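Participant: Chains A and B, in that order, give the protein sequences. Take the first sequence: its position 161, counting from 1, is numbered 161 in my numbering, and each next residue is one higher. Take the second sequence: its position 177, counting from 1, is numbered 177 in my numbering, and each next residue is one higher.
Please keep in mind that the hints were generated in silico from the structure rather than gathered at the bench. Being a predicted model, the structure only gives us computed values, none of them experimental. Hints should not be assumed to be uniformly reliable.
[What the hints assert, rightly or not] Label pairs and their in silico Cβ distance ranges:
#, chain 1, residue 1, chain 2, residue 2, range
1, B, Gly308, A, His129, 48 to 56 Å
2, A, Lys309, B, Arg279, 41 to 49 Å
3, A, His66, B, Val184, 26 to 34 Å
4, A, Phe154, B, Ser176, 33 to 41 Å
5, B, Arg279, A, Gly273, 34 to 42 Å
6, A, Phe154, B, Thr188, 37 to 45 Å
Cβ atoms here follow ideal geometry from the backbone N, Cα and C, with glycine treated the same way.
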Amino acid sequence: MMTEPLLKVEDLRLAYQTERGIVTAVDGLNFEIQRNEALVVLGESGCGKSSLAKALLRVLPRNVKHHSGRVLLDGVDIMPLSPERFRREIQWLRISLVMQASMNALNPVMRVGEQVAEPLCVHRGWSPHKAMARAGEVFELVGVSGDFLRRYPFELSGGMRQRVVLAMALVAEPELVIMDEPTSALDVLTQAGIMNRLKRIKRELGTSFMLITHDVATSSEIADRVALMYAGQFVELSSAAQFFAKPAHPYGKLLMDSVPRLHQTRQPDHIPGQPPNLMLLPSGCRFADRCPARFDRCDEDPMPIALSKRNEVRCWLYTDRIETGKPQGLHNTPIPVLETRPLSKEVLVTAQDLHTWFELKQWGFIRAGYVRAVNGVNFHLYRGEAVAFVGESGCGKSSLARTLLGLHAPTRGEVVFEGRHMHALNKHELKQYRARVGYVQQDPFGALPPFMTIRRALSEPLIIHGVKDRKERETRIRAALEEVRLSPADDYLPKFPHMLSGGQQQRVVIARSLILQPAMIIADEPVSMLDASVRVEILRLLRTIQSKRELTLAFITHDLSTVRHFADRIFVMYGGRIVEAATVDDLLDFPQHPYTQALLAATADPDAKNAAQERELPDGEPPSLLHPPPGCHFHPRCPYAIKGLCDVEEPPEFEPRAVHYSACWLHKDT
Amino acid sequence: MNPSQNPSIPKNAEGLVRDLKLMLLFTGKRIIALALMVLIGVYLTILIANMGGRVDELRLVQIRSEISEAVRGDLSFRELNSDERNRLIQRRVDLEVQRLNLDRPFLLRSFNYLYRAMLLDLGRAEQMHSDQGSREVHAIILERLPATLLLFGTANLLIFFLSVYIALWLSRHYGSLIDRIVIVLAPTSAAPAWFYGIFLILFFAFLLPILPAGGMVEAPPPLGRRDYALSVLKHMALPVLAMLLSQIFISIYSWRTFFLIHSSEDYVEMARAKGLPSRMIERRYILRPTLAPVITSFMLMLISMWSGAIILERTFSWPGLGTLIFQAIGHHDTPVIIGSVVIFAYLLAFSILVLDIVYGIVDPRVRIGAKR
Ligand SMILES: Nc1ncnc2c1ncn2[C@@H]1O[C@H](COP(=O)(O)OP(=O)(O)O)[C@@H](O)[C@H]1O
Ligand code: SF4
Ligand code: SF4
Ligand SMILES: [Mg+2]
Numbered sequence: 001m002m003t004e005p006l007l008k009v010e011d012l013r014l015a016y017q018t019e020r021g022i023v024t025a026v027d028g029l030n031f032e033i034q035r036n037e038a039l040v041v042l043g044e045s046g047c048g049k050s051s052l053a054k055a056l057l058r059v060l061p062r063n064v065k066h067h068s069g070r071v072l073l074d075g076v077d078i079m080p081l082s083p084e085r086f087r088r089e090i091q092w093l094r095i096s097l098v099m100q101a102s103m104n105a106l107n108p109v110m111r112v113g114e115q116v117a118e119p120l121c122v123h124r125g126w127s128p129h130k131a132m133a134r135a136g137e138v139f140e141l142v143g144v145s146g147d148f149l150r151r152y153p154f155e156l157s158g159g160m161r162q163r164v165v166l167a168m169a170l171v172a173e174p175e176l177v178i179m180d181e182p183t184s185a186l187d188v189l190t191q192a193g194i195m196n197r198l199k200r201i202k203r204e205l206g207t208s209f210m211l212i213t214h215d216v217a218t219s220s221e222i223a224d225r226v227a228l229m230y231a232g233q234f235v236e237l238s239s240a241a242q243f244f245a246k247p248a249h250p251y252g253k254l255l256m257d258s259v260p261r262l263h264q265t266r267q268p269d270h271i272p273g274q275p276p277n278l279m280l281l282p283s284g285c286r287f288a289d290r291c292p293a294r295f296d297r298c299d300e301d302p303m304p305i306a307l308s309k310r311n312e313v314r315c316w317l318y319t320d321r322i323e324t325g326k327p328q329g330l331h332n333t334p335i336p337v338l339e340t341r342p343l344s345k346e347v348l349v350t351a352q353d354l355h356t357w358f359e360l361k362q363w364g365f366i367r368a369g370y371v372r373a374v375n376g377v378n379f380h381l382y383r384g385e386a387v388a389f390v391g392e393s394g395c396g397k398s399s400l401a402r403t404l405l406g407l408h409a410p411t412r413g414e415v416v417f418e419g420r421h422m423h424a425l426n427k428h429e430l431k432q433y434r435a436r437v438g439y440v441q442q443d444p445f446g447a448l449p450p451f452m453t454i455r456r457a458l459s460e461p462l463i464i465h466g467v468k469d470r471k472e473r474e475t476r477i478r479a480a481l482e483e484v485r486l487s488p489a490d491d492y493l494p495k496f497p498h499m500l501s502g503g504q505q506q507r508v509v510i511a512r513s514l515i516l517q518p519a520m521i522i523a524d525e526p527v528s529m530l531d532a533s534v535r536v537e538i539l540r541l542l543r544t545i546q547s548k549r550e551l552t553l554a555f556i557t558h559d560l561s562t563v564r565h566f567a568d569r570i571f572v573m574y575g576g577r578i579v580e581a582a583t584v585d586d587l588l589d590f591p592q593h594p595y596t597q598a599l600l601a602a603t604a605d606p607d608a609k610n611a612a613q614e615r616e617l618p619d620g621e622p623p624s625l626l627h628p629p630p631g632c633h634f635h636p637r638c639p640y641a642i643k644g645l646c647d648v649e650e651p652p653e654f655e656p657r658a659v660h661y662s663a664c665w666l667h668k669d670t
Numbered sequence: 001m002n003p004s005q006n007p008s009i010p011k012n013a014e015g016l017v018r019d020l021k022l023m024l025l026f027t028g029k030r031i032i033a034l035a036l037m038v039l040i041g042v043y044l045t046i047l048i049a050n051m052g053g054r055v056d057e058l059r060l061v062q063i064r065s066e067i068s069e070a071v072r073g074d075l076s077f078r079e080l081n082s083d084e085r086n087r088l089i090q091r092r093v094d095l096e097v098q099r100l101n102l103d104r105p106f107l108l109r110s111f112n113y114l115y116r117a118m119l120l121d122l123g124r125a126e127q128m129h130s131d132q133g134s135r136e137v138h139a140i141i142l143e144r145l146p147a148t149l150l151l152f153g154t155a156n157l158l159i160f161f162l163s164v165y166i167a168l169w170l171s172r173h174y175g176s177l178i179d180r181i182v183i184v185l186a187p188t189s190a191a192p193a194w195f196y197g198i199f200l201i202l203f204f205a206f207l208l209p210i211l212p213a214g215g216m217v218e219a220p221p222p223l224g225r226r227d228y229a230l231s232v233l234k235h236m237a238l239p240v241l242a243m244l245l246s247q248i249f250i251s252i253y254s255w256r257t258f259f260l261i262h263s264s265e266d267y268v269e270m271a272r273a274k275g276l277p278s279r280m281i282e283r284r285y286i287l288r289p290t291l292a293p294v295i296t297s298f299m300l301m302l303i304s305m306w307s308g309a310i311i312l313e314r315t316f317s318w319p320g321l322g323t324l325i326f327q328a329i330g331h332h333d334t335p336v337i338i339g340s341v342v343i344f345a346y347l348l349a350f351s352i353l354v355l356d357i358v359y360g361i362v363d364p365r366v367r368i369g370a371k372r
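Chain A with its partners taken away, still in its complex shape:
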């Protein structure tokens, strides 16, 4: 006999009243969470994941229109409880929550220990001293030293704050911890470190988790079961093993195929279309307009169909419980493999001993030091190649990009573009140079002027660079839109940026960067603000344009898993320097530098086995650029650090494999 589940949810609904109508964000969910089980809720942004968390813990905004269903905690329905009883008996003592955007989840003027201890004083009536002692214990549990109890949030790094928020959620030993995108704002290494902690806590304390995320790879780190959410509903509920190996729902399949993987040669595919507007839901299957397997029955609303005891899917393909093989109609369209061109040997850009330092001022005029954002970087970029600069946030990638664009003047060293030294350019030549280099920013919405139509935004660079003929401008704008596949152009030209989706905005930004026929495009984290399903689409677009136009593409990212298919060479950056450089395959298959190895170890391909083991990770935090450690910047975290060498002398570049460079003393005999 199965034991009573910890949490049993029946027909949970949550709807908001907005000016334009009613939004049903959570639309009749049924699921269970067993003790010591981790349920991952996976879905694109806007599908109702956070609303689900809020509905369970009743942290509701003012405009809630409808909130109903049964939520059985240990067999007792907690929905009818009065707000006061719910607050005293359920919140935090039995269910706790790690909210999305937890960077800002701590009160800036209260000591973090006090905030963690607070629920114990309030709910259990503990003395502040006793509660603080307990807070110290949970701090150790999540890997933060107790010394930080009396610190304020702004004194902690992002990763540490996230751990404190986690400690806060665990302090009263609740039976269920709901975590809403707990790591999506963090670095790869920090993120992997927190997932390690979560696995250990789950094992040792037997806590149940509900992890809400859009990141398939991260979700596989802890999942026992997976709920796939789409437009307010669960479309699939499976065990992790089953889901990550062979998802049943067409959306699940497409989603798994869209995940860029480190160790896979097949190109990731993108999911066409967009999720439906929750206010104007289509009748029939909500996924129908994106589903490659759609057939006539899909005009009716599909019911959840049980495939096995704890496995259900909401799709008409399974009416006859077909469990074998692919349901008919669904197959991956073969993806055209981009031919890999032999690298041209014509150098387009050279960076020589490039340094970009920012002066830090105290009291407005006394120099307090330098932020060494780019600190001695050398490379050649060849015409027509795509290179990726990979590194954690704050390692100086964006500053490097902005220096290459001529937006920062290098403190030392120089940039040579098409054989010309950039510092020697006069104003006019600099303007021409900027036309030769396109720039794609991280945040497309911020990059487009909000009160300009797309036509205006695209004609602006043309006007600035002296294209006077209106007809010619119009032709070029249309061609650019065509190239980024925004067609028909007439649909987009009169629109304002806010009327477009994030992916479409980014396409406009790319079109703008192309419109002056540049020789190089610099794309700074072009997809990190976009939804997972759109990312691959944008990356492939960039890659296609790059190879068709034989552009040089400098692609900046913190996510190693995206680079395999979208770059020819990789530069790994750490603390303002390049620590390893090689072709993509050589670097990913034979990483040489200890930092690259750590980064690869922390990057997961989705796999149910991930949840079983903890990853080997270096401790510590990325180096301060204001006071970088002497010698090799990685030495405080490096497991192979050679005493007396690594912490004294900066390693030069060695070549341990053919055209594979690594700045590490371990390779000094090569």
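Fit chain B with the ligands to the known structure of chain A by using the hints.
Facilitator: Here is chain B with the ligands on its own, set in the frame of chain A:
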């Protein structure tokens, strides 16, 4: 594990000691900075006021009048005829001018003025004198200052606490009837305090004579301490009410909006999820993080009220600094005007210092940031 044995938990005192040290360091730095600010401000005043030799002229006149008074008053010089007396006076004036270095270049002397101004040695008034009969400018000013501080201090503190508490309450009862009434009344603050003052005097002093129309205390002043205080309170009621009327609604309205915006911060939502009682959320998660800007805006309000002091004090014939400046302008009594400016600079610097210290106490980012 017995928590008290956990070695990694620092004692309560440790954080406090660190904070106290930082606070002292911070306060020290601010005092130095503000002293510099006053110094520069007063020096600029001196430079400006001296343009066109106004101060020099003043001082010469002052020296001459002092000396001639002394000579005329001195019995031993009775016998001298007017010519001799004038020569004697001229000699003494020359001596005094030399002694005061008035014949030296202005730059040197300006530092001398600065030094004296900083010590509140503000010279002598030309026409005015204090109630005690002193002609020392600083005596005149110091006599009036407490009245002004009493009136404006009371009104501002009242406005501050009332509006913050009502605003917090309204941010919880957002959209209620009272909330809507406050919104409707907010524009009433467009009228200045003296405007309400006139109506209040009409109403409570003439039509319904229960409160005095002006002044600070009955004449003659009551003898008992309690009676005196009571009389002052009665006289304060109308001007305080006038200021309250002209400020309270806009101030409640703006703070209610401010708190509403801040109650959607992530950490407030987190506190709700933690199941904290709503009063605690208001106090710890809404009020405390926003206290710094709230206090700043309070201080700005106070400073802006200073500028309205002249008219308001005239309306209620309140014997404060405002009235003093008004009279000084009427009498063309420059030393008193300059002296008031100097006192004003001191008051301003003092307010800012208090503000800074309070800021440091309520906001750890300010206090601890001082170290870096
Ligand atoms: N204009 C600037 N002034 C001062 N510091 C800056 C400036 N731009 C970037 N930095 C600092 O440089 C460091 C590296 O930033 P960035 O180049 O943006 O790295 P990444 O792209 O990897 O996030 C950060 O510490 C950042 O605060
Ligand atoms: S019901 Fe039809 S449209 Fe919906 S997912 Fe299944 S096959 Fe696709
Ligand atoms: S140089 Fe030394 S510290 Fe740096 S990565 Fe190599 S072994 Fe590690
Ligand atoms: Mg960046």
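Participant: Evaluate each hint against the coordinates.
Facilitator: A quick look at each hint next to the structure:
no. : hint                              : result
1   : Gly308(B) x His129(A): 48 to 56 Å : holds, 50 Å
2   : Lys309(A) x Arg279(B): 41 to 49 Å : holds, 48 Å
3   : His66(A) x Val184(B): 26 to 34 Å  : holds, 32 Å
4   : Phe154(A) x Ser176(B): 33 to 41 Å : holds, 36 Å
5   : Arg279(B) x Gly273(A): 34 to 42 Å : violated, 49 Å
6   : Phe154(A) x Thr188(B): 37 to 45 Å : holds, 40 Å
This entry does not satisfy hint 5, going by the numbered hints stated previously; all others are met.
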